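Chemist: Using the sequences provided together with the hints, build the complete structure.
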Amino acid sequence: MPQYMISVWHDGPYDDLDVSSPEVQRLFSQVSAFNASLEQAGAWVFGTGLRPASSATVVRATGGDVSMTDGPYAETKEQMGGFWVILAADLDAALEWAGKAAAACEGPVEVRPTEDA
Amino acid sequence: MPDALTEVFRREAGRCTATLIRVLGDIDLAEDAVAEAFAIAAEQWPTRGVPPNPGGWITTTARNRAIDRLRRESSRTDRYLASHRLQADDMAPDHLPDPDDSGSLDELVEVVADDQLRLMFLCCHPALAPDAQVALTLRLLGGLDTPEIARGFLVSEATVAQRIVRAKRKLRDNHAPYRVPAAAELPDRLHTVLAIVYLIYTEGHTATSGDGLTRVDLSREAIRLGRVLTELMPDEPEAVGLLALMLLTEARRLARTDVDGSMIRLADQDRTRWDRTLIAEGHALVRACLRRDQPGPFQIQAAIAAVHADAVTADDTDWSQIVTLYDQLYARRPNPVVALNRAVAVAELHGPDAGLAALTALDVLPLEGYQPYHAARADLLARAGRREAAVAAYDRAVELSGNPAERRFLEQQRATLAGDRR
Numbered sequence: 001m002p003q004y005m006i007s008v009w010h011d012g013p014y015d016d017l018d019v020s021s022p023e024v025q026r027l028f029s030q031v032s033a034f035n036a037s038l039e040q041a042g043a044w045v046f047g048t049g050l051r052p053a054s055s056a057t058v059v060r061a062t063g064g065d066v067s068m069t070d071g072p073y074a075e076t077k078e079q080m081g082g083f084w085v086i087l088a089a090d091l092d093a094a095l096e097w098a099g100k101a102a103a104a105c106e107g108p109v110e111v112r113p114t115e116d117a
Numbered sequence: 118m119p120d121a122l123t124e125v126f127r128r129e130a131g132r133c134t135a136t137l138i139r140v141l142g143d144i145d146l147a148e149d150a151v152a153e154a155f156a157i158a159a160e161q162w163p164t165r166g167v168p169p170n171p172g173g174w175i176t177t178t179a180r181n182r183a184i185d186r187l188r189r190e191s192s193r194t195d196r197y198l199a200s201h202r203l204q205a206d207d208m209a210p211d212h213l214p215d216p217d218d219s220g221s222l223d224e225l226v227e228v229v230a231d232d233q234l235r236l237m238f239l240c241c242h243p244a245l246a247p248d249a250q251v252a253l254t255l256r257l258l259g260g261l262d263t264p265e266i267a268r269g270f271l272v273s274e275a276t277v278a279q280r281i282v283r284a285k286r287k288l289r290d291n292h293a294p295y296r297v298p299a300a301a302e303l304p305d306r307l308h309t310v311l312a313i314v315y316l317i318y319t320e321g322h323t324a325t326s327g328d329g330l331t332r333v334d335l336s337r338e339a340i341r342l343g344r345v346l347t348e349l350m351p352d353e354p355e356a357v358g359l360l361a362l363m364l365l366t367e368a369r370r371l372a373r374t375d376v377d378g379s380m381i382r383l384a385d386q387d388r389t390r391w392d393r394t395l396i397a398e399g400h401a402l403v404r405a406c407l408r409r410d411q412p413g414p415f416q417i418q419a420a421i422a423a424v425h426a427d428a429v430t431a432d433d434t435d436w437s438q439i440v441t442l443y444d445q446l447y448a449r450r451p452n453p454v455v456a457l458n459r460a461v462a463v464a465e466l467h468g469p470d471a472g473l474a475a476l477t478a479l480d481v482l483p484l485e486g487y488q489p490y491h492a493a494r495a496d497l498l499a500r501a502g503r504r505e506a507a508v509a510a511y512d513r514a515v516e517l518s519g520n521p522a523e524r525r526f527l528e529q530q531r532a533t534l535a536g537d538r539r
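Note that the protein sequences, when read in sequence, are chains A and B.
Each residue of the first sequence is one higher than the one before, counting from 1 in my numbering.
Each residue of the second sequence is one higher than the one before, counting from 118 in my numbering.
What the hints contain is simulated information worked out from the structure, not anything from laboratory work.
Source: prediction; values computed, not measured.
Honestly, I wouldn't trust all of these hints.
Cut-off 25 Å, straight-line C-alpha distance, at most; resulting in silico cross-link-like pairs (SDA-like, lysine to any residue) [as the list claims (entries may be wrong)]: (1) A:K77 to A:P52; (2) B:K287 to A:D116; (3) A:K100 to B:A246; (4) A:K100 to B:L303; (5) B:K287 to A:Q79; (6) A:K100 to A:P72.
Modeler: Right, here's the structure in full:
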């Protein structure tokens with residue numbers, strides 16, 4: 001069955017989540033309900049939130065040398081805040097899940113098919 | 118391409134492609150098979166004659182080409198199809214045609230009435246940008262080539278070609294399903310489909326190339342798709358409005374051209390040549406829409422066409438009603454082409470100067486490459502007595518016209534005007 005990545009996007013840099021805030025609590029419970037529905041439908045492959053982009057490190061391997069620089073790699077304003085990889089029968093099924101994902105995390109999501117095995 | 122073949126191509130290419138996409142699960146493979154069938158026809162028909170059922174011949178030959186290809190490249194094709202095929206809802210997801218079992222293939226390639234509708238919804242998938250939806254539909258369902266699409270939409274051929282390639286790749290990479298959307302999704306998906314069916318209709322109504330003013334097959338095809346849509350969604354007033362609009366416009370087809378193929382304007386048409394059967398059907402649909410009272414752009418345009426159809430002579434036209442309807446349309450679709458049509462109606466109601474004033478108020482930049490804008494402006498300038506400006510506007514309209522019948526008309530108008538000047 002095809003797999004799709006559903007990524008969650010923020011319009012700018014974001015801080016570590018304050019898990020004690022009621023807003024974050026609400027998002028957590030919405031997202032965990034969405035995760036449960038994915039698992040129940042057998043659509044779950046993987047999913048997680050990501051720490052802020054400022055926590056990223058870029059690693060390069062050129063000619064046997066491995067080098068590291070402070071990340072993130074992409075110098076864009078928009079930041080990916082997390083993602084799921086799901087199983088879906090086709091694009092329409094994936095888009096339906098994406099609609100629920102966007103509602104659960106109260107922000108835009110992007111759907112991309114994975115490279116076929 | 119010989120004439121007979123061109124005609125069959127126009128009629129059958131979309132239908133044939135739609136069925137073969139279902140069979141092969143891939144747009145490019147289907148297009149290749151159909152193209153191969155037409156190439157064989159181009160080779161054989163001039164010597165052997167056109168077969169009694171040319172459309173059936175093309176479908177069968179394309180199917181056989183596809184079967185040959187599946188046999189020849191079966192292992193590679195299996196892998197290819199397994200990873201890329203578009204899923205149709207009436208087939209098991211992993212079901213592939215067995216190349217050695219012609220019986221099962223015959224069943225699969227039987228023409229299913231829904232095939233073109235599936236293709237319609239695929240081409241108009243919301244994951245595609247509107248430009249790509251239009252280009253893909255005209256290409257796959259309308260059988261138009263890239264230059265025709267480019268002229269119809271005032272963009273370069275390279276742009277159209279790129280849109281089509283990208284759209285096909287996106288649908289394939291994303292495993293877009295090949296099916297008519299479920300009831301719950303239908304209303305949302307329908308809106309784009311209607312707009313695109315109408316574009317096919319208008320393309321057929323004033324063909325962008327070819328000798329005749331109209332390309333009957335495309336218009337007929339659009340009307341056919343419109344009928345399928347209204348049968349599928351009888352409670353969707355915009356689908357009904359679109360069909361009514363196409364029928365009421367189609368009713369004037371015979372009166373639109375002279376014996377020599379020149380275009381005749383609405384005002385000069387012999388209204389006894391209008392098709393009363395189509396008008397009656399269109400009127401009934403417009404009335405049904407009015408009863409529902411959920412107006413939308415297609416219903417309003419249908420109402421405008423109905424007002425024209427009501428007028429026994431051009432002078433009897435209720436222009437004030439038409440201007441009111443254009444105002445309603447502009448409120449919903451504030452685009453320059455609607456504003457242009459409104460300006461023309463204003464000229465009929467209040468005189469050419471009022472029409473020209475309405476044109477001047479427009480943002481003309483998007484209309485600069487649009488032939489009807491220059492033709493309308495030329496006409497209003499001529500009626501306002503501004504001959505030199507009118508001649509210049511006709512020159513520009515002639516320059517932009519890709520349709521010989523239309524160009525002849527514009528050249529005649531210009532010649533009459535230039536002659537009057539003495």
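Chemist: Indicate, hint by hint, whether the structure satisfies it.
Modeler: Hint check:
A hinted pair counts as satisfied when its Cα atoms are at most 25 Å apart, and A:K77 with A:P52 qualifies at roughly 12 Å. Restraint check for B:K287 and A:D116: satisfied, since their Cα atoms lie roughly 14 Å apart, inside the 25 Å limit. In summary, the hint linking A:K100 to B:A246 is supported, as the alpha carbons are separated by about 22 Å, within the 25 Å threshold. For the hint pairing A:K100 with B:L303, the CA-to-CA distance comes to about 19 Å; that is within 25 Å, so the pair holds.
Taking the CA atoms of B:K287 and A:Q79, the gap is about 24 Å. The hint holds against a cut of 25 Å. Distance restraint check for A:K100 and A:P72: the Cα-Cα separation of roughly 28 Å exceeds the 25 Å cut-off, and the hinted pair is therefore not satisfied.
The earlier numbered hint that this structure contradicts is number 6, and it is the only one.
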